[in-house]
Each structure stands twice: as structure tokens, then as C-alpha cells.
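Using the sequences plus the hints, can you model the full thing?
Number of protein chains: 2
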Amino acid sequence: MDFQLHQRVISWLKTAGDSLIASLNTNLMVEEKTNASDLVTRMDKEVEAYLTQQINTHYPDHRVLGEEGKGHSIEDTRGVIWIIDPIDGTLNFVKQGRFFGIMIGIYADGQPLAGYIYDVMQTDLYYGIVGQGAYLNDRPLQPLKINSLAESLMVTNAHILVGNQFNSQALLGASLGSRSYGCAAYEMISVIRGESALYLASRLMPWDFAAGVAILESLGFKYSQPDGKALNLLTANPGIFCNAAVYEEVLQIINLK
Amino acid sequence: MDFQLHQRVISWLKTAGDSLIASLNTNLMVEEKTNASDLVTRMDKEVEAYLTQQINTHYPDHRVLGEEGKGHSIEDTRGVIWIIDPIDGTLNFVKQGRFFGIMIGIYADGQPLAGYIYDVMQTDLYYGIVGQGAYLNDRPLQPLKINSLAESLMVTNAHILVGNQFNSQALLGASLGSRSYGCAAYEMISVIRGESALYLASRLMPWDFAAGVAILESLGFKYSQPDGKALNLLTANPGIFCNAAVYEEVLQIINLK
Numbered sequence: 001m002d003f004q005l006h007q008r009v010i011s012w013l014k015t016a017g018d019s020l021i022a023s024l025n026t027n028l029m030v031e032e033k034t035n036a037s038d039l040v041t042r043m044d045k046e047v048e049a050y051l052t053q054q055i056n057t058h059y060p061d062h063r064v065l066g067e068e069g070k071g072h073s074i075e076d077t078r079g080v081i082w083i084i085d086p087i088d089g090t091l092n093f094v095k096q097g098r099f100f101g102i103m104i105g106i107y108a109d110g111q112p113l114a115g116y117i118y119d120v121m122q123t124d125l126y127y128g129i130v131g132q133g134a135y136l137n138d139r140p141l142q143p144l145k146i147n148s149l150a151e152s153l154m155v156t157n158a159h160i161l162v163g164n165q166f167n168s169q170a171l172l173g174a175s176l177g178s179r180s181y182g183c184a185a186y187e188m189i190s191v192i193r194g195e196s197a198l199y200l201a202s203r204l205m206p207w208d209f210a211a212g213v214a215i216l217e218s219l220g221f222k223y224s225q226p227d228g229k230a231l232n233l234l235t236a237n238p239g240i241f242c243n244a245a246v247y248e249e250v251l252q253i254i255n256l257k
Numbered sequence: 001m002d003f004q005l006h007q008r009v010i011s012w013l014k015t016a017g018d019s020l021i022a023s024l025n026t027n028l029m030v031e032e033k034t035n036a037s038d039l040v041t042r043m044d045k046e047v048e049a050y051l052t053q054q055i056n057t058h059y060p061d062h063r064v065l066g067e068e069g070k071g072h073s074i075e076d077t078r079g080v081i082w083i084i085d086p087i088d089g090t091l092n093f094v095k096q097g098r099f100f101g102i103m104i105g106i107y108a109d110g111q112p113l114a115g116y117i118y119d120v121m122q123t124d125l126y127y128g129i130v131g132q133g134a135y136l137n138d139r140p141l142q143p144l145k146i147n148s149l150a151e152s153l154m155v156t157n158a159h160i161l162v163g164n165q166f167n168s169q170a171l172l173g174a175s176l177g178s179r180s181y182g183c184a185a186y187e188m189i190s191v192i193r194g195e196s197a198l199y200l201a202s203r204l205m206p207w208d209f210a211a212g213v214a215i216l217e218s219l220g221f222k223y224s225q226p227d228g229k230a231l232n233l234l235t236a237n238p239g240i241f242c243n244a245a246v247y248e249e250v251l252q253i254i255n256l257k
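Chains as they are written, first to last, in the UniProt record's numbering: chain A, 1 to 257; chain B, 1 to 257.
These are computed hints drawn from the structure, not numbers from a lab. Hints may be right or wrong, so weigh each one.
In silico lysine-lysine, BS3-like type, Cα no more than 30 Å apart, as pairs [unchecked claim]:
1. A:K14 with A:K45
2. A:K45 with B:K145
3. A:K33 with A:K70
4. B:K33 with B:K70
5. B:K14 with B:K45
6. B:K45 with A:K145
7. A:K70 with A:K145
8. A:K45 with A:K70
9. B:K33 with B:K45
10. B:K145 with A:K14
11. A:K145 with B:K33
12. B:K257 with B:K222
13. B:K229 with B:K257
14. B:K70 with B:K14
15. A:K45 with A:K33
16. B:K145 with A:K33
17. B:K14 with A:K145
18. A:K33 with A:K14
Here it is, written out as C-alpha cells:
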């Protein structure tokens with residue numbers, strides 16, 4: 001991957017992050033999308049517009065798929081596509097003022113090239129360049145060692161567990177316990193750092209998983225739909241995002257009859 | 001409360017926190033207590049011994065109640081009692097290297113005088129001096145505004161929700177969602193900062209809640225057992241720890257017949 005492109009992404013993320021921090025004491029103009037916990041603010045829109053504009057200016061032959069629809073209408077995965085989530089965890093952003101992230105995944109012909117997750121309030125930038133490793137604040141990322149689900153924590157959300165979706169109560173019982181941060185960026189970071197062996201999600205849009213998947217790929221970690229099928233970059237997906245050491249075990253527990 | 005005592009506590013917490021950070025790349029000598037997710041390390045023991053020794057030296061007429069039993073055997077709440085948790089969230093400490101805290105509560109005749117929660121990896125020190133306010137890193141703590149459960153997040157753990165203990169699924173449905181950090185220190189901090197309206201716990205020992213309760217008291221927040229009874233400082237308790245704006249609503253939902 002192009003070094004100049006990488007430096008540009010980092011610079012854009014810092015600029016966007018600074019604007020989010022500055023916005024926290026202002027009127028965020030919160031609107032509900034599908035329900036009271038699915039929010040959008042003026043900052044989701046502003047950051048997505050900013051990132052899209054930068055990409056369009058510097059890479060006019062690339063396309064942009066963004067959560068707030070400021071990018072292109074995309075129906076195939078040909079060429080280079082930037083998949084961006086201007087604020088992942090908007091509910092946390094609004095209600096907690098932390099535990100949110102900005103995410104960018106870059107894909108070529110449907111394959112991950114690079115992923116960036118910026119934990120704005122921690123000023124921690126995680127990225128992975130496929131084939132060239134994963135990094136945290138420009139140092140090689142060294143995930144904590146994961147051996148088995150029985151010796152590990154997992155991350156998922158409360159509703160999945162309460163509904164026992166994907167046999168999640170069996171996963172919970174097979175692990176040391178579950179954590180829930182309420183934002184895909186944080187759940188992905190937990191797996192990437194080796195703090196959790198598994199992130200289980202019931203419905204992620206491409207911008208929720210594209211960046212994380214590219215970082216997982218850079219680390220040799222495993223991801224798929226819970227039935228083992230590949231994730232689809234153009235639709236909503238359920239997903240499992242795993243340390244390689246537990247992927248087969250997780251698949252087996254989820255798909256027990 | 002005595003200023004010199006306050007300064008001593010802060011100094012001890014910083015020293016203890018530094019020793020925890022330094023220990024993260026060493027052999028922690030992890031032992032299981034009641035089960036695989038109930039752990040103790042040499043650092044739990046060392047930090048508790050250090051704090052207990054400091055308290056005994058400077059305040060020989062005070063008593064210490066500590067998680068690892070380095071303090072006194074305590075059967076009544078007379079006089080001044082220090083209630084300490086050397087590492088709250090030992091499982092997170094061992095498996096994640098963050099999301100843990102050191103907690104100290106100081107009580108006189110069973111009433112909270114002061115509470116300290118030190119988020120070691122963030123170097124964030126939260127404290128409350130009853131009657132004199134609550135602070136984060138020596139600045140007045142200004143919790144985010146909470147209006148109602150319907151407009152707020154909550155924190156509790158996965159097993160409570162899966163088992164629908166304390167009508168927790170109804171609480172989940174009445175809120176914007178639940179978060180779970182896996183450590184009482186972090187769950188308390190979430191309520192103290194106004195990031196969550198409620199922390200619901202099924203079984204906390206005195207060292208799990210003593211510090212948090214003193215900070216909540218400093219803020220005018222509310223806490224009790226889920227049936228409304230007062231917490232008992234000498235035994236295990238289920239507990240609700242709430243922003244005052246939602247306490248009555250939470251009690252009502254939990255105790256619906």
C-alpha cells in the first residue's frame with residue numbers, strides 16, 4: 001500500500017478526531033434513525049462529509065461507502081472502495097462522551113488492503129496493512145496470547161445473550177465471561193489486543209466491520225458469519241471475529257444441533 | 001476529613017498503581033479462588049499488604065477490611081474502618097491488562113467518610129469526600145446529566161441479564177441498552193460520570209462497593225439493595241447504584257409483581 005495514502009489517512013483521522021472532541025460541549029443536534037438507541041448527530045454527517053471529500057479529491061477513481069450516505073451508491077465491490085464509519089458508537093458518543101471510534105477500511109476488488117480504528121478519546125490509533133502487520137500508535141501491535149475459549153473473555157451485546165442468539169449462552173458458559181462496550185470499534189479492539197477471544201455480533205453493516213476485518217486479516221485472525229460463510233461487504237451480516245486459536249471451537253459451539 | 005490523611009491515600013494509591021503497571025510483564029502467579037473466573041495474583045496480596053501496613057503505621061486505632069484478608073477480622077462497624085480492594089477486576093487485570101482499579105472506602109461507625117477509585121491504566125483518580133463533593137484528578141467531577149432510564153444506558157453483567165435476575169431484562173428494555181466492563185470499579189465509574197444511570201449487581205462484597213458508595217454519597221446519588229433495604233457493610237449484598245433521577249423508577253421495575 002502507498003505510503004502517502006497511509007499518511008493522509010492518519011492525518012484525516014486526527015483532524016476528524018479533534019473535531020469530535022471539540023464538539024462534545026456543543027449542540028450535537030441528535031436525531032433518531034430507526035429507534036431511540038440508533039442515533040445520528042451533526043458530527044456523524046460532518047466527519048463523513050469531510051472524509052469523503054478528502055478521498056474524492058485525492059483519489060477520484062476510488063469509491064466511498066459511508067454510514068451516513070455521503071459517499072457513492074455501491075452495488076458491486078470492483079476497484080478500490082473506502083468503507084467509513086464517521087462515528088462508530090454514536091449512542092456512546094452522545095451519552096458517555098467516550099467509548100466510540102472512527103473507522104476506515106480500504107478494499108480492492110472486495111479484498112481488505114488496510115483498516116484503521118481511531119479511539120478518539122484515548123488518542124489510540126489501531127491499524128493493519130494486510131501483509132505488513134498491525135500497529136497501535138505506529139508500534140507493532142502485540143496481541144495478548146489467547147489459548148482457548150475456556151481461558152478467555154468474549155465480547156457481545158446484552159440482547160444477543162438474553163435471546164440466546166447463535167447459542168451465545170453456551171459460548172458464555174464456555175468462556176470466562178462476557179464484556180460489552182456498546183460499539184463495534186471497541187469490541188474489535190478487544191479482540192485485536194487479545195483482551196477477548198471472540199466478538200459476536202448479530203447485525204453489522206459493512207462500515208461496522210470493514211476496518212476491523214482488515215486489521216484482523218493483518219494479524220492472521222479469523223472472521224466469518226456465524227455459520228462459517230464469508231462476510232458480505234455489501235449487506236448487513238451477523239459475524240464472528242476471533243483469535244485464530246478459538247475460531248473452530250466457536251464455530252462448533254454456535255452450530256451445535 | 002483530615003487533609004493529611006487524604007494526601008497520604010493519594011500517595012499510596014499512586015505507589016500501588018505504579019507497582020501494578022510494573023508487574024504486568026512479570027509472572028503474576030495467578031491462583032483460582034472459587035472458580036476459573038475468580039482469580040488472585042501475587043499483586044492483589046502485595047498491594048493489600050502494602051496499604052494495610054501504611055494504614056496500621058499511621059492510624060493504629062483504625063481497622064482494615066481487605067479482600068485478601070491482610071487486614072483485621074471485622075464483625076462490627078464501630079470506629080474508623082478502611083475497606084480496601086487492592087485490585088478490583090483481577091480477571092481483567094490478568095486477561096486484559098486494563099479495566100481494573102484499586103478501591104479504598106473509609107467509614108466511621110458504618111457511615112461513609114470518603115471513597116477512592118483509582119483507574120490505574122488511565123491514571124484517573126476518582127474520589128468523593130462526603131459533604132465536600134466528588135473529584136476526578138483533583139477537579140470537581142461533573143457527571144453527565146441523567147433524566148430518565150428511557151434516555152440512559154445501564155451497566156450490569158451478562159449472567160444477571162441471561163438469568164433475568166432482579167427483573168433485569170425489564171430494566172434493559174426500559175433503558176437504551178446495557179454495558180458490561182467486568183469490574184465493579186469501572187461500573188461504579190460509569191454511574192459516577194453519568195455515563196450510565198444504573199449499576200445493577202447480584203453479589204458484591206464490602207470492598208466491591210464501599211469506595212463507590214462513598215463517592216455516590218458525595219454526589220447525592222442513591223444506592224441500596226434491589227429491594228430498597230440498606231446495604232450491609234459486613235456481608236455480601238446485591239445492589240443498585242443509581243443516579244438520583246432514576247432510583248425510584250429502578251426500584252419500581254425491579255419490584256414489579
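So, going through the hints one by one against the coordinates:
1. A:K14 with A:K45: holds (17 Å)
2. A:K45 with B:K145: holds (24 Å)
3. A:K33 with A:K70: holds (16 Å)
4. B:K33 with B:K70: Given that 30 Å is the threshold and the Cα spacing comes to 16 Å, the pair holds.
5. B:K14 with B:K45: Judged against 30 Å, a Cα distance of about 17 Å means the pair holds.
6. B:K45 with A:K145: Measuring from Cα to Cα gives roughly 25 Å; hence the hint holds.
7. A:K70 with A:K145: Violated, at roughly 40 Å.
8. A:K45 with A:K70: holds (8 Å)
9. B:K33 with B:K45: Given that 30 Å is the threshold and the Cα spacing comes to 13 Å, the pair holds.
10. B:K145 with A:K14: holds (28 Å)
11. A:K145 with B:K33: Judged against 30 Å, a Cα distance of about 22 Å means the pair holds.
12. B:K257 with B:K222: holds (23 Å)
13. B:K229 with B:K257: Measuring from Cα to Cα gives roughly 18 Å; hence the hint holds.
14. B:K70 with B:K14: Judged against 30 Å, a Cα distance of about 20 Å means the pair holds.
15. A:K45 with A:K33: Holds, at roughly 13 Å.
16. B:K145 with A:K33: Cα-Cα ~22 Å, so holds.
17. B:K14 with A:K145: Holds - the C-alpha atoms of A:K145 and B:K14 are around 28 Å apart, at most 30 Å.
18. A:K33 with A:K14: Holds: A:K33 and A:K14 sit about 27 Å apart, inside 30 Å.
In summary, the structure is inconsistent with hint 7 from the numbered list given earlier, while agreeing with all the others.
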